[in-house]
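Here is what each chain is made of, one letter per residue.
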Amino acid sequence: MVQTKKGKSASGAGALSQSTHDLPDNQLIRAYKEMLFYRLFEERVLIAYTQGKFSGFCHLHIGQEALCVGVQHALQPGDYVFSELLGKVTGCSRGKGGSMHMFSKEHRFLGGHGIVGGQVPLATGVGFAIKYRKEPDIMVCYLGDAATNQGQFFESLNMAACWQLPVLFVIENNKYGMGTAISRTTSIKNLSDRALAFNMKHSQVDAMNYSTVFHHVDEIVKNMRSKNEPYLLEALTYRYKGHSVSDPATYRSKEEVKEYQARDPILTLGAVLVAKKLCTEQDLELFEEEARAKIKEAEDFADNSANPDDKEAWMHVYSD
Amino acid sequence: MAIMTIREALNQAMAEEMRRDTSIFLMGEEVAEYDGAYKVTKGLLKEFGPERVIDSPISEGGFAGLAVGAAMAGLRPIIEMMTWNFGIQAFDQIINHAAKMLYMSGGQFPIPAVFRGPNGAAHMLSSQHSQAYEAMLTNVPGLKVVSPGTPYDCKGLLKASIRDNNPVIFLESEMMYGFKGEVPDEEYLIPIGKGDIKRAGSDITLIAWNKRLQDALKTADILEKEGISVEVIDPRTLLPLDEELIFASVSKTHRVVIYEEAYGFASVGAQISDRIQKECFDQLDAPVTRVTQEFCHVPYNEHLESLILPDISRCVAAVKEVMYL
Numbered sequence: 001m002v003q004t005k006k007g008k009s010a011s012g013a014g015a016l017s018q019s020t021h022d023l024p025d026n027q028l029i030r031a032y033k034e035m036l037f038y039r040l041f042e043e044r045v046l047i048a049y050t051q052g053k054f055s056g057f058c059h060l061h062i063g064q065e066a067l068c069v070g071v072q073h074a075l076q077p078g079d080y081v082f083s084e085l086l087g088k089v090t091g092c093s094r095g096k097g098g099s100m101h102m103f104s105k106e107h108r109f110l111g112g113h114g115i116v117g118g119q120v121p122l123a124t125g126v127g128f129a130i131k132y133r134k135e136p137d138i139m140v141c142y143l144g145d146a147a148t149n150q151g152q153f154f155e156s157l158n159m160a161a162c163w164q165l166p167v168l169f170v171i172e173n174n175k176y177g178m179g180t181a182i183s184r185t186t187s188i189k190n191l192s193d194r195a196l197a198f199n200m201k202h203s204q205v206d207a208m209n210y211s212t213v214f215h216h217v218d219e220i221v222k223n224m225r226s227k228n229e230p231y232l233l234e235a236l237t238y239r240y241k242g243h244s245v246s247d248p249a250t251y252r253s254k255e256e257v258k259e260y261q262a263r264d265p266i267l268t269l270g271a272v273l274v275a276k277k278l279c280t281e282q283d284l285e286l287f288e289e290e291a292r293a294k295i296k297e298a299e300d301f302a303d304n305s306a307n308p309d310d311k312e313a314w315m316h317v318y319s320d
Numbered sequence: 001m002a003i004m005t006i007r008e009a010l011n012q013a014m015a016e017e018m019r020r021d022t023s024i025f026l027m028g029e030e031v032a033e034y035d036g037a038y039k040v041t042k043g044l045l046k047e048f049g050p051e052r053v054i055d056s057p058i059s060e061g062g063f064a065g066l067a068v069g070a071a072m073a074g075l076r077p078i079i080e081m082m083t084w085n086f087g088i089q090a091f092d093q094i095i096n097h098a099a100k101m102l103y104m105s106g107g108q109f110p111i112p113a114v115f116r117g118p119n120g121a122a123h124m125l126s127s128q129h130s131q132a133y134e135a136m137l138t139n140v141p142g143l144k145v146v147s148p149g150t151p152y153d154c155k156g157l158l159k160a161s162i163r164d165n166n167p168v169i170f171l172e173s174e175m176m177y178g179f180k181g182e183v184p185d186e187e188y189l190i191p192i193g194k195g196d197i198k199r200a201g202s203d204i205t206l207i208a209w210n211k212r213l214q215d216a217l218k219t220a221d222i223l224e225k226e227g228i229s230v231e232v233i234d235p236r237t238l239l240p241l242d243e244e245l246i247f248a249s250v251s252k253t254h255r256v257v258i259y260e261e262a263y264g265f266a267s268v269g270a271q272i273s274d275r276i277q278k279e280c281f282d283q284l285d286a287p288v289t290r291v292t293q294e295f296c297h298v299p300y301n302e303h304l305e306s307l308i309l310p311d312i313s314r315c316v317a318a319v320k321e322v323m324y325l
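Top line first, the protein sequences correspond to chains V and B. My numbering applies: residue 1 is where the first sequence begins, and numbers increase by one. My numbering applies: residue 1 is where the second sequence begins, and numbers increase by one.
Hints in this document: simulated from the structure, not taken from any laboratory. Take these hints with a grain of salt, some might be off.
Derived pair list, reagent style DSS-like, types lysine-lysine, alpha-carbon separation capped at 25 Å [to be verified]: (1) Lys33(V) x Lys241(V); (2) Lys241(V) x Lys42(B); (3) Lys189(V) x Lys175(V); (4) Lys254(V) x Lys252(B).
Derived coverage of chain V by chain B (criterion: at least 3 residues anywhere in the stretch with Cβ under 8 Å from a Cβ of chain B; other residues may be distant) [claimed, not checked]: (5) 47-56; (6) 179-191.
Every residue, glycine too, gets a C-beta built ideally from N, C-alpha and C.
One chain only, chain B, in its complex shape:
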């Protein structure tokens, strides 16, 4: 086992897959000579050369569409979006072309492409650099949406995403690139669509992913001292969602809080909540409760930003509310 950062885990995943399969290429803004805006692609140009690691112009719609075309012609593109806030320039290509191509062509053209990059708020970057887009992306059939929060999960899921024959949206976080954890020395894959119990508990289920996972684990630590046993579930993949894992946990604890960074209206958490009320109705001892971002844009001012983003204190309060404490 090695200890490494999420940045390094993602880098290893791409390097290993590119060594294995020469049809994989990597394209994006600053991915080659600059080693990536957040250094996730460090050293890849050196190892794989400029034919396979390509600095794009600032043309997200263009190079995302290029990836779809290249995939139709048999290549396996990895596209880095410097942030998904820029990636939405490419939503037409991703949604209208990548996601629908297989279906519209009657199964002739699968699109084995990965679109990866950071999603959500970092710190004091204001409205146009801080939005979490998973609700929009999970609203599209044909896409798979992955959003892991540990180095182990990032590596295993990115490798699986690169091998998947569908367009995969891989959501990362600027704030988590330096986060460290254990990663096995031997090769492994994590199947897309499989969640993980990050901490076992018996009183309440707390569901969180990506950078909010660490907050959820801290919430569980805090509540343990107060005698509350929190089970932390990390779906890791948002589409398809590991519903069985969630239902099993809720059936055990009978209470659930969903903690997410995005807006609450029509969110992934809202979808999970709907599925729980439908499938676990008789198991619930309290209404499903959600902790989300306030329904306004992310402001620049540090204090205002902290007011509208969800945090550990709100998560603790939500758990207590559901526990009727």
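Isolated chain V, as found in the complex:
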């Protein structure tokens, strides 16, 4: 869940679902670097997990990078994430939350929640607070496809629509809720159609493409700001890995995975950068080296960070 300050959105806004990479050169390069960073970061996290550097669950987001980067860029605005994975006091939740409960007040990032769908009413509450205090902000709430079958999703959409709360609900539809295809447990095909029941604006977007996501969300956010209303966006994406590291994902075909990997958001944008002569292949390799160096720095920082003091275990149960 991300709460965003009202700011000028990046230039180059286009019509809904526009997929051309006609954004400013520096924005495209920045998007490429960020997506690449997230991809390589998670690949490194997977290695650290299999090496036993941390335990618990490890759910990876690989393949879905275009969505989070595209949305964040439309909103305008961490490297304490690795420390949190290792349970260190320098982590974004002081080592107490782990991969499933990451929070950063500084970045207006309100979690990271381990109960499917549990964040949706919370985001609605943040939307309520924004409206209550007459602030210009928008609340962005990410949820998985399968979370749309939790009761609180419906309850939240009703309240958000009824009271016109500025919440952008983003369904990250990667086709599977854990090991179950969403089509097997859901009565409708397009999850965004659920908004019809609440008279809420809604749409789908191809989230395997950065520029498509950016243009689409940029337009939505502008409309939301001028009209103060909620919106349900279904982002069509795909996860390359299983639900968690222990999931071999035998419930889907290799062909399906390959089909999506052929549309990989990072490779696609890299090819655009080269075709537009904004970057050379050597530049892309350099970006990768830079990202790896940054990740190593984060991992080293985490490795060298202290565990929380024993007294931390009893802290933060109650507020003063």
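Chain V is fixed; fit chain B onto it per the hints.
Relative to the frame of chain V, chain B by itself:
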């Protein structure tokens, strides 16, 4: 006698009962095609088909309520909660509907449903995946709450739970699914509400259940070397509680430690302690002592997690305290 895991024992219990009674169906997240998040339901889809083994949406409140309705209409649902940390989404259906239906309807609608799944902490899953809920669930009349810790007990009690005409909460543990033990080849049931002496002793009674039972047995091993004879009592069922077994043991040893994973405040252990002080007051040579989780949420960090969860060393220390050693 076969040696099998708790996972296999639970699986056998469900398969045997489903063969016996076609009104039983199994529903939950990932129970069918994925064979269960922890593989407890492995092979059941293959044997019983998609009409009886059903992958649910992630809708705990919905499918728990569906189970209550199906039970009102004469079916016998088994509902798997992937963990009770998700199961609490269904507390309204379980507490307000399943537990109260028979009473509110003047005896017309019994709810023969089993709600089963892992409870308590696993390892480094942080606060929202690690809570032990038995105190909340045993605070509800109309429910039965079962929490066994061996393959033998798991199989016999799950079969009895499925045959029971009341809503039964069946508490398991992620950490124990691979735990092995002997299970008879022939069919057997273990009555709900009957505890078990897991190890006979004469100096002190140590009460523990579910995954804490193995810690209690190890505690008894450690103390035996120091000349202390520990009797380990496993209630197996928390509601109704086998008080007679506990009182008999305390009357023999005159000392008692209760070892549980949940928070100490208003816990099952607190209830047992209250019953002992009332019924065995003249028998006690020392105050009843409890080993529980610290009253804070379970943190992610491995070391912090170990600080707040109860363990064998604290259990040994508590026994010595009660022995005045």
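### Task
Would you pick out the hints that fail for this structure and give their numbers low to high?
Those not satisfied come down to hint 4.
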